[in-house]
Amino acid sequence: MILAGSGGQGLVLSGVILGQAAILDGKNVVQTVSYGIASRGGFSQAEVIIDRDEIIYQQVEQPDIVLALTAEAMELYAGMARTRVFYDSRLPAGADGPNLAGYPFTRLAAGLGQSGAANMIALGVLASATGVVTAGSLVKVIGQRFSPPLAQSNVMALHTGIALGTGAAEGS
Amino acid sequence: MWCPGCGNGIVLGALLRAFEELGYENGDTVVVTGIGCWGKADDYLATCALHVTHGRALAFATGIKVYKPELNVVVLMGDGDGVTIGGNHFIHAARRNIDLTAVIVNNFNYGMTGGQVSATTGADRYTSTTPYGNPEREFDICALAGAAGANYAARETVFDGWQLQQRMKEGLTRKGFALVEAVSPCPTHFGRYNQIDGPDLLRRLREVAGDGLVCGLLIDRNAPDFNARYREVQAWAQKRNDRN
Amino acid sequence: MRRVRQLQREPRLIQGNLAMAEGALYAGYPITLSSEIASECARILPQSGGVYLQMEDEIASLAAVVGASLAGAKAFTATSGPGFSLMQENLGMAVMGEVPCVVIDVQRSGPATGLATKPAQSDIMQVRWGRHGDQAVIALSPSSAGECFCLMVQAFNLAERFRVPVVFAAEEIVAHMRENFVSPAPGEIEVVDRKAPQGPPGRCEPFARDAGAVAPVPAFGSGFVFHVSTSMHGPDGFSNNDPAVAAWKVERLHRKLDLHRDEIVMTREFYTDDAEVLFIAFGAVTRAARAAALEARKNGVKAGLLQLITIWPFPDREIAALAEKARTVVVPEMNYAGQAALEVRRILGPEKDIRRVNKYNGRIIAPRDVLAALDFPAK
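In order, the protein sequences belong to chains L, X and Z.
Just so we're aligned: the first sequence equals residues 1 to 172 in my numbering.
Just so we're aligned: the second sequence equals residues 1001 to 1244 in my numbering.
Just so we're aligned: the third sequence equals residues 2001 to 2379 in my numbering.
Chain L with its partners taken away, still in its complex shape:
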């Protein structure tokens, strides 16, 4: 899985949460990052490999799943995903392919009044539409990682995403 976008969108954190949830599900996980010198802005990506077996090479060579939150990320990875590319529907649809699935991550996050929660909505969509991790584990990890009020709002965003992803999975 490749989660790509820009620094500050919380993609590295999303990768960590995804990885921890997969461990709770009993899987092996390797998560790596690639980032620039800027803490906010600039290209940023997290790679997550989840496997029942030992993970030998630590990088993703061809992703099964891509999450793209910026146009640059779309351009880089839209054509690569074996299973599906989840992208923010606000982005110009520069590329097309059978695997593309646009979701209004940022619009919904703004609607919830937490523009920073687009990553959590995306995690919810990704989990429910693909089944790589269980929703229960994601909720548990979020509960461990954040203080109660923050955890609550993040779980709310996650559930928004889960509902959205379930609908899409049924529709496709």
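Bear in mind the hints are in silico, worked out from the structure with no lab data behind them.
No experiment lies behind these values; they were computed from the predicted model shown.
A portion of the hints provided could be inaccurate.
Heads up, simulated SDA-like pairs for lysine to any residue below, C-alpha to C-alpha not over 20 Å straight-line [stated by the list, open to error]:
#, chain 1, residue 1, chain 2, residue 2
1, X, Lys1040, Z, Asn2241
2, X, Lys1239, Z, Gln2047
3, X, Lys1239, Z, Asp2274
4, X, Lys1040, Z, Phe2238
5, Z, Lys2298, L, Glu54
6, Z, Lys2195, X, Gly1027
7, X, Lys1239, Z, Asn2241
8, X, Lys1239, Z, Ser2048
9, X, Lys1040, Z, Asp2242
10, X, Lys1040, Z, Pro2235
11, X, Lys1040, Z, Ser2039
Fit chains X and Z to the given chain L structure using the hints.
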């Protein structure tokens, strides 16, 4: 090992008498020395000693004092070692207010390497590397320590050995960063380049330094030292950890 | 006074940088690629009575580590490229004073400030030869977050056992990688402490002549009185310029590692029993090479892998033994000059078919890069 007319022996005598009067044991006292004539003082010491790289003695001493706060840690440096190459460590040790006593012998030049200009050589003074006079100005070491946050700074010349010994005792017993600056003649280099003979150099020590030097107790504070502050951090961290 | 921190026993996602931080005294200076170690130490060390010290630069950081170690601490620092260059002089001091300590160098792409957030393995020779004068250190290189934890314990053990600085040469990939990991139970990994002198406290010789070339050393404040010096010294630690003493000291610094070479050198083999092609790799590149070996075998090429866990002393005997059976040796590494390949060439001689795979653009070596060195077409 030190040249005739050098003040290092007087400073070392004052330091050892201060140790004796304060009842310091060899096993509880670590003397950290840097590089230079005064940095060789550890060869004459029966205490624990650590002789380290040029300019870094305060940083080594910080590691010792932080891990074993009960030790008496004393740092011996010259003006080249302590405030020229080691200037950054000097201001940060003072800012951190780490409970060390720094004894800096200031002889206005690098003695061991042949009398080159240092950060305490006065303007227009002659050294082996300022043959036309020093175009730079000198540091006032005690003022520097005070500005950086030291609890204690005092200056005496080796002409007043007994007074120097009293300052050492004050510095050694003061919590936090304490500086004793011992102004000392280097007849072999500084005196020769500036055409001042040995006894004259000793008598005129205060005026041969740049704008002249004021002696005595110059900085006198009682701010909490680093170890005291870090114990608060440890207590707070343990409380937080126990709660989790 | 110090409590042993209870490590979490359930599987968890642990970052390489964080795995290196648990359980020691730390002095350091912030630098990209090792910053998480500093933050984690600042958080956890005071909880267990330990100390986190942020010094004014990397020179001071290693100085404080050496001072703390002589006062009895298990002390370490962490840095990356530029900071490691600044530490060289005091690393030499630690060698000369025979002071146990660990320096983590999270290697990054250079030269100078270079690509500050990108990985490299271009400090291999600097780790060994970065300081002036005749000296030697031990260096380890981890390939996973779990290895970061276990090898960090080994690094301290080797430092204590042989009174020598140990460089923990990781690279950005492993440092920022997160992997599931179960902490070993206390007691599961042996912990070695330096040998202290026997008998009642008094004056002692911390560099005494010793058959194993490693003399017992007390801590400052233990009642023993002793000297440690950056200058040439005799068994008592006092300055000594006698040519015979100087020769004895320099020989001792090397001999203590030579004598105990087999306790220091660690390697790991994958699929080497019948290997005709031998990959030699270290650090994160080990993983690409292992994947490449499996891929090569699918293509009918009997490939195997030797992972160099200890990179200094260089595992010459292990390499020679395995290479004898192999027709081709491939050394993939993330630097331009082939720093490890040069050593492999030195060991195997001018005739051996040794192929280099080098990457120095900040990108990671992938299995296909390793396979490209072989004669069959990689997909």
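Outcome of the hint check:
no. : hint                  : verdict
1   : X/Lys1040 / Z/Asn2241 : holds, 13 Å
2   : X/Lys1239 / Z/Gln2047 : holds, 8 Å
3   : X/Lys1239 / Z/Asp2274 : violated, 57 Å
4   : X/Lys1040 / Z/Phe2238 : holds, 10 Å
5   : Z/Lys2298 / L/Glu54   : holds, 18 Å
6   : Z/Lys2195 / X/Gly1027 : holds, 19 Å
7   : X/Lys1239 / Z/Asn2241 : violated, 53 Å
8   : X/Lys1239 / Z/Ser2048 : holds, 11 Å
9   : X/Lys1040 / Z/Asp2242 : holds, 17 Å
10  : X/Lys1040 / Z/Pro2235 : holds, 18 Å
11  : X/Lys1040 / Z/Ser2039 : violated, 38 Å
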